[in-house]
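Can you build the whole structure from these sequences, using the hints too?
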Amino acid sequence: MNNTRNQPSARKFWSWFMPVGRQAGSWAFALNRITAIGLTFYLFLHLGVLSLLAQGPGAYDDFLVLTENPFIKLGELAVVAAAILHGLNGIRIILTSFGVGVTRQKQLFYGFMLISVLVILIFTARMY
Amino acid sequence: MSQSTLSSSASGPRPGENTWIWLIKIATGPLLVIVLLLHFIANHYFGSMSSGLMTYEDVIKYFQNPIIPAIEILFLITVVTHSLIGLRGIILDMNPSRNTLKIVTWLLTILGVSSVVYGIWLALTIASKGS
Amino acid sequence: MSKPHVIIIGAGFTGVATAHDLALRGCDVTVVERGDLCHGTSGRTHGLLHSGGRYAVKDKESAVECIDENMILRRIVPQVIEPNGGLFIAIEEGDLDYAEQFIESCEECHIPLEELKPQEALKLEPNINPKVLTAFLIPDGTFDPLRLALAFAGTAKHNGARFQTYHEVQGFLMDGQGNVSGIKVLKRAANKTEELRADVVVNATGAWAGEITNMAGLDAPVKPTPGIMVAYDQRFVQRAINRLNTPADGDIVLPQRRMVVVGTTSFDAENVDYIPVTDDQIKLMLERGSELIPGIRNAKPRGIYMAARPLIGGGSGRSIARTFKCYDHKETHNIDGLVTITGGKATTLRAMAEKTADVVCAKLGITAACVTKETPLLSYRQYYASPN
Amino acid sequence: MTEQWNITLRIYRQKENEAPHFDNFKMEVNPDEYVLDAVERAWAFHDRTICFRHACHHSTCGACGMRVNGVEKLTCITLIRDVTKNGATLKVEPLRNFPVVSDLAVDMGPFYRKMEAVGARPVLPVTEAEIENPPAKWDTDDAQYIRLSDCIECGLCISACPVMATTPEYLGPAPLAAAQDNGIKRKPELLSIVDCEDGVWRCHSVFECTAVCPSFVDPARRIMDLRKQVVGARVRKLFGKA
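Residue numbers (the working numbering), protein chains in the order written: chain S, 1 to 128; chain X, 1001 to 1131; chain P, 2001 to 2388; chain L, 3001 to 3242.
Some hints here could point you the wrong way.
[Claimed, not checked] Taking lysine-lysine and the BS3-like style, the derived pairs with C-alpha atoms no more than 27 Å apart in a straight line are:
{"id": "1", "chain 1": "P", "residue 1": "Lys2192", "chain 2": "L", "residue 2": "Lys3015"}
{"id": "2", "chain 1": "P", "residue 1": "Lys2283", "chain 2": "L", "residue 2": "Lys3085"}
{"id": "3", "chain 1": "P", "residue 1": "Lys2330", "chain 2": "P", "residue 2": "Lys2003"}
{"id": "4", "chain 1": "P", "residue 1": "Lys2184", "chain 2": "P", "residue 2": "Lys2363"}
{"id": "5", "chain 1": "L", "residue 1": "Lys3015", "chain 2": "P", "residue 2": "Lys2187"}
Hints in this document: simulated from the structure, not taken from any laboratory.
Remember, it's a predicted structure, so these values are computed and weren't measured experimentally.
Structure (structure tokens):
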């Protein structure tokens, strides 16, 4: 007689990304997941692009010209940002998983996010 | 004291994740952070292009020292392992059925192994181009 | 032959305990409850596993019931009890005058008692009022109300009883001769009414007993007598601390999880469905509570609530006897098929159930004896064992 | 005269065969009352069909967990003053990730079964269950005192956990915290129950459970500690065998 509207279900993955009104941990989790998916996509894209190296100088260098295009640069910046965010948040998860800083996990998250923003700004400056 | 009708799920605990998978994921994590840092620096500072990226010749020259392909292959293995275990974790959160999970696990393993093999071949061909 | 069907109205302490007893004696039991378990008074009880000490002087019948049941509950359902005992402490000279008759009455009601010197009491419970003059160790205790009910209900369910929560009784079904043959009930989760037939209907609705009997044109001598209780956010003591004097307002503080609960008051009330909390009673609890445990003065209240005790018959407030009564309306009003049980205390839920079950079994011609005294209850989570 | 607020109590309504909707109740409340009192008053004086779970009214039974303005709260100890303002709305919904019986009442069955599966201790010595290193004040003979455990099985952590929202099989914060409280050394059979995809490895360190826990359990920290226990047990098993 109970309805299933409110029950857990696989279709509810949007709940990973519903940190509205939630604590730092939810933002970290949502961020971690988005950057993870983005980085994995880029990993295989990157492996594919590198195959041009095997075809000799022409193909690869022509491709490099593309990297001047501002949109591609933005994409690369996004990858760099994702790597930094995911990396630092990963360290936070590993530290807390071993009981280090568990009571201060929020501060850890805010601290790491600050570092990420700074590094990302440096890279942006370098790139443009 | 707990009655059989009281166990959480009829089929008992599902073996999709275990200590070793998790340990591999969190071992490759920090390793990745270090190697990625080197990779960034190598690619964005020593390259001859204005943006720091390496041209074809740069790459070939860079790969002459045999340490570099070794590091790049190690890097490839860790990043592929880490990302595919993580991806599998995300898929697990979609609550797949038992055989879907088996298929997914197989696909990811094949994808992982083949990209590592392809990476090793690529690294070696680049290294050999220099001689 | 098929088991006789008994409907029990009300899933408070009495209802679930009676369901447990009748299920063991071979009845097919259906418990019908307007809300969920312990929605009425049972949920908002103090949580005191009574030693009877508080009633020894004025109400020996209740006191003996309490101490006997106290010992039984410690044996059959330890999983929901903090069995750390209690202290009756004297703080003012006036309290000491009460000690004399207190000791005599406790012995008379075979309530184990041990007098402690003030330093001994302060060593056992450092947070009680340092001005303690004398103290008596007594086998009080604390329980978790919902889980006590769940333990009985879970065991009853395991033995075949059915629990229909969110089912509100609307009226009785009468057979030709003016006897009760079942109930009309509203399934609140679906806004649908149903009819349920039974050989006997037990009205175990405590303070609401009158409301139910009115549906059969009778009145039940129940006087809802609410009292306030205030829970504070620190566990100051391991034992229940009582004031050594005639029962009065705010004369007990008992530990529960990481809290202490100060109670209680006693006044008359008409509308039992919602009893507002009043500021003066909260202040009174703070006053009296900090007389027993000074630390309460700077503790933060965590929960403040009212509970309507189902007291029987005339008189007012504390003077009414605190024992319980079971009415077979065949004898009282010549209406067969309806039994009302009310009055009593939380601690005596098993005894109330035994008496009610005896009355019901007599009506149904069941000879099985009551075995709940020796039957340990299952885990309270057993109530949720098989998906219903 | 005590302060009075006029608020709109907006309650989630769901009957068996009807689509869920919200009912609004304009009410005058004392801000120092609890949210549960407002809901009970709405039932008593405005609409007797409202179904909701409550029992002890002082956070020992765990029956009245609900989502108040989107955040999991134990409504019997949540002051109205802390969750809304005068003239504003107070939205009350059932907990997430539980089957809804009706309106605000949910079925605790699946959750209680998981707690039983890990053998959660209902009572324990007062000297145990401290999450930080046990405070020095417990002396040896204090261990004789038994108290009801911290976890009141209210289900707030189950509702707050985003991972719990995706699969009913996941044990969830409270059962894992109870497994940690039992300890794998003391109950080795727990290892196979928690060292799996529905156990300790599904937790993604979101810490929402600890954020909403009203009873000092700190489930997130206990899950992290349970991870150490599981890793330790597996490694010992490996070398024990090898």
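Here is what the structure says about each hint:
no. : hint                    : in the structure
1   : P:Lys2192 <-> L:Lys3015 : holds, 10 Å
2   : P:Lys2283 <-> L:Lys3085 : holds, 26 Å
3   : P:Lys2330 <-> P:Lys2003 : holds, 22 Å
4   : P:Lys2184 <-> P:Lys2363 : holds, 22 Å
5   : L:Lys3015 <-> P:Lys2187 : holds, 10 Å
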